[in-house]
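Sequence order for the protein chains is A and B. If you're matching positions, the first sequence starts at 0 in numbering that gives the first Met the number 0 and goes up one per residue. If you're matching positions, the second sequence starts at 0 in numbering that gives the first Met the number 0 and goes up one per residue.
In short, the hints are calculated from the structure, not lab data. Please note: incorrect hints may appear among the correct ones.
Some but not every residue of chain B turned toward chain A, in silico, with C-beta under 7 Å [claimed, not checked]:
(1) Arg11
(2) Gln25
(3) Glu26
(4) Arg31
(5) Leu32
(6) Gly94
(7) Ser97
(8) Leu106
(9) Ile109
(10) Asn110
(11) Arg114
(12) Leu125
(13) Ile132
(14) Thr217
(15) Arg266
To give an idea of the interface, some chain B residues facing chain A are shown, with a C-beta separation under 10 Å as derived from the structure [said to hold, decoys possible]:
(16) Ile35
(17) Arg38
(18) Leu39
(19) Arg40
(20) Phe63
(21) Gln67
We treat Cβ as the ideally placed atom computed from N, Cα and C, and that holds for glycine.
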Amino acid sequence: MSIITVKNLKKHFQVHKKEPGLLGSVKSLVKRKYETVRAVDNISFNINEGELVGFIGPNGAGKTTTLKCLSGLLYPTSGSVSVLNYTPWDRKPEFQKQFALVMGQKNQLWWDLPAMETFILNKEIYEVPDEKFKKTLTELTRLLEVEDILEVQVRKLSLGQRMKCELIAALLHTPKVLFLDEPTIGLDVVMQKKMRDFIKEYNRRYKSTIILTSHYMGDVKELCERVVVIDKGKIVFDGKLEEIIKKFADHKLISVVLAKEIDPKKLEEVAEVKEFDYPRVMISVKRKDVSAVTAKILDKLPVADLNIEEPSIEEIIRELFTGKNYA
Amino acid sequence: MKRLFENCLRARIMRKYLQVIRITFQEYFVYRLNFIFWRLRAFIQLLVLYFLWLAVIPQGTTIFGYDQAKILTYILGTSIIRSFILSSRSVDVAGEVSSGVLSNFLLKPINYLGRWLAKDIPDKILNLFFSIIGVSLILIFLRPPIIIQNNPLIIFLTIITIILGMILFFYLSFSLSLSAFWTPENVWPPRFLAMIIIEFLAGSLFPLDILPAGVFKTLKLLPFTYLLFFPLNVYLGKLTLQEIFIGIFISLFWILVFWQLAKALFRLGVKSYVAWGR
Numbered sequence: 000m001s002i003i004t005v006k007n008l009k010k011h012f013q014v015h016k017k018e019p020g021l022l023g024s025v026k027s028l029v030k031r032k033y034e035t036v037r038a039v040d041n042i043s044f045n046i047n048e049g050e051l052v053g054f055i056g057p058n059g060a061g062k063t064t065t066l067k068c069l070s071g072l073l074y075p076t077s078g079s080v081s082v083l084n085y086t087p088w089d090r091k092p093e094f095q096k097q098f099a100l101v102m103g104q105k106n107q108l109w110w111d112l113p114a115m116e117t118f119i120l121n122k123e124i125y126e127v128p129d130e131k132f133k134k135t136l137t138e139l140t141r142l143l144e145v146e147d148i149l150e151v152q153v154r155k156l157s158l159g160q161r162m163k164c165e166l167i168a169a170l171l172h173t174p175k176v177l178f179l180d181e182p183t184i185g186l187d188v189v190m191q192k193k194m195r196d197f198i199k200e201y202n203r204r205y206k207s208t209i210i211l212t213s214h215y216m217g218d219v220k221e222l223c224e225r226v227v228v229i230d231k232g233k234i235v236f237d238g239k240l241e242e243i244i245k246k247f248a249d250h251k252l253i254s255v256v257l258a259k260e261i262d263p264k265k266l267e268e269v270a271e272v273k274e275f276d277y278p279r280v281m282i283s284v285k286r287k288d289v290s291a292v293t294a295k296i297l298d299k300l301p302v303a304d305l306n307i308e309e310p311s312i313e314e315i316i317r318e319l320f321t322g323k324n325y326a
Numbered sequence: 000m001k002r003l004f005e006n007c008l009r010a011r012i013m014r015k016y017l018q019v020i021r022i023t024f025q026e027y028f029v030y031r032l033n034f035i036f037w038r039l040r041a042f043i044q045l046l047v048l049y050f051l052w053l054a055v056i057p058q059g060t061t062i063f064g065y066d067q068a069k070i071l072t073y074i075l076g077t078s079i080i081r082s083f084i085l086s087s088r089s090v091d092v093a094g095e096v097s098s099g100v101l102s103n104f105l106l107k108p109i110n111y112l113g114r115w116l117a118k119d120i121p122d123k124i125l126n127l128f129f130s131i132i133g134v135s136l137i138l139i140f141l142r143p144p145i146i147i148q149n150n151p152l153i154i155f156l157t158i159i160t161i162i163l164g165m166i167l168f169f170y171l172s173f174s175l176s177l178s179a180f181w182t183p184e185n186v187w188p189p190r191f192l193a194m195i196i197i198e199f200l201a202g203s204l205f206p207l208d209i210l211p212a213g214v215f216k217t218l219k220l221l222p223f224t225y226l227l228f229f230p231l232n233v234y235l236g237k238l239t240l241q242e243i244f245i246g247i248f249i250s251l252f253w254i255l256v257f258w259q260l261a262k263a264l265f266r267l268g269v270k271s272y273v274a275w276g277r
């Protein structure tokens, strides 16, 4: 059963353009040029109950705008959206009590007060009964290991601790639908991992439907079976994650640090060089050729250090739009 | 049974706003020094005004039909009631709109106007409390010649008109703040301009009845006099009961107008809201 249905959603913004320099500023006082930005340009998709879907795409692709439309923060230019059978931008309390939007870079916690105060406020706002509040809070604080910092002024918490508290604040009313916008941004690897485990556990325990956006391939890889790739406001891929990796991330990157300077021509003979900035060399290799090429590099070049890396999500997407067609 | 259920439901809804009030109180008390300085500033302002007018109108003289006691009561009175009528946390609405903090509340089942109304309660209670202390100090130590109203009906009506003034200013200030939806980078200049005009027309600089009769008559139809001048004149006993009720009626009318305006602006604003950066 579809919990979220999006049909031909469009969101266009009018953005005012200013010519550079003082003269441009003065001109813009009198006459302004506006340009239409198609942040979301005719997208459609369905999401079923309990699914955990990843939204990926470069900065400014329209991921966050889409989430904002789904949350009822923005009125779309055209198209229709239904979440839990409600139209989000009607902002009905019955709807709002069943979903949450968490943005990794923003906060809702009261900066000057302990996190507990925000929790109590949210409890009252969402009209959570006392018993249920206690139970959920105990559960969430235990899962995220923050039992001992709830009484500390929020401004004194570390980024990771704060992010965990943000999550708790957003989940106290146990939303059925959850939108996570870069929940792991700025967190160290240990914390990222904990966050992922938590999201997975929450999805399993409460059978909630989750949409997640992230720039970390790791998040998406570990959490989402299905991904939706968005670029320039359009959906360019919607399907299983393995397919996208197979389809678009068909190569790996070998980064080499050279021990001494060599003729660039010699490099070209060994492999396809992406970047060369002595002593660093970046080499792009087809997945199946990795071991062969690595052996060749070690054999023919004066290597000080060598690393094999997955291309970043940005890279896969960039490649997706340069030359290849993604049909 | 159904009645009981409805009451419970209403109690739940009230609890949201009670918690908003509680949190706002706590925020005030987090920074003790800031809190103390702010109150001290208000008190010193009161003293300065008092001594200024004491010097301007020596005992026995009258100015525009006001003797020393009346003018001092007016001036002291305005500076006290303006500290909680012409002050509303709703000035911060503009900041929330232009910085995108508003998003936090649009996502939740809470009434945004109601939330700000609730946030004003602690603010006004604190201002009232410290105003009373300030005035008591002046009364005890300086024994100024001021008029003490002792007619309970008049005192009651004064309180009513003050409450109406607060509500009126809340919606007026809220509407002003909502301009941030359309000009997020331009919030303070219009507010300063508006506040200067409002303070003048509300009578915070001088009693408005010293203006030419025609001007004064027109002003009485506008909302601004009902913020300061009207409640103070009720207190001073300068108005007949009939005049008081007409005044209350006019302020109710303006409250209705600005309430609807604030709601309509908010509805419109949210539609053009882009939640930048959030």
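Against the structure, the hints come out as follows:
no.: 1; hint: Arg11; verdict: 5 Å, holds
no.: 2; hint: Gln25; verdict: 6 Å, holds
no.: 3; hint: Glu26; verdict: 6 Å, holds
no.: 4; hint: Arg31; verdict: 12 Å, violated
no.: 5; hint: Leu32; verdict: 14 Å, violated
no.: 6; hint: Gly94; verdict: 14 Å, violated
no.: 7; hint: Ser97; verdict: 15 Å, violated
no.: 8; hint: Leu106; verdict: 6 Å, holds
no.: 9; hint: Ile109; verdict: 5 Å, holds
no.: 10; hint: Asn110; verdict: 9 Å, violated
no.: 11; hint: Arg114; verdict: 9 Å, violated
no.: 12; hint: Leu125; verdict: 16 Å, violated
no.: 13; hint: Ile132; verdict: 25 Å, violated
no.: 14; hint: Thr217; verdict: 35 Å, violated
no.: 15; hint: Arg266; verdict: 11 Å, violated
no.: 16; hint: Ile35; verdict: 17 Å, violated
no.: 17; hint: Arg38; verdict: 18 Å, violated
no.: 18; hint: Leu39; verdict: 21 Å, violated
no.: 19; hint: Arg40; verdict: 21 Å, violated
no.: 20; hint: Phe63; verdict: 44 Å, violated
no.: 21; hint: Gln67; verdict: 45 Å, violated
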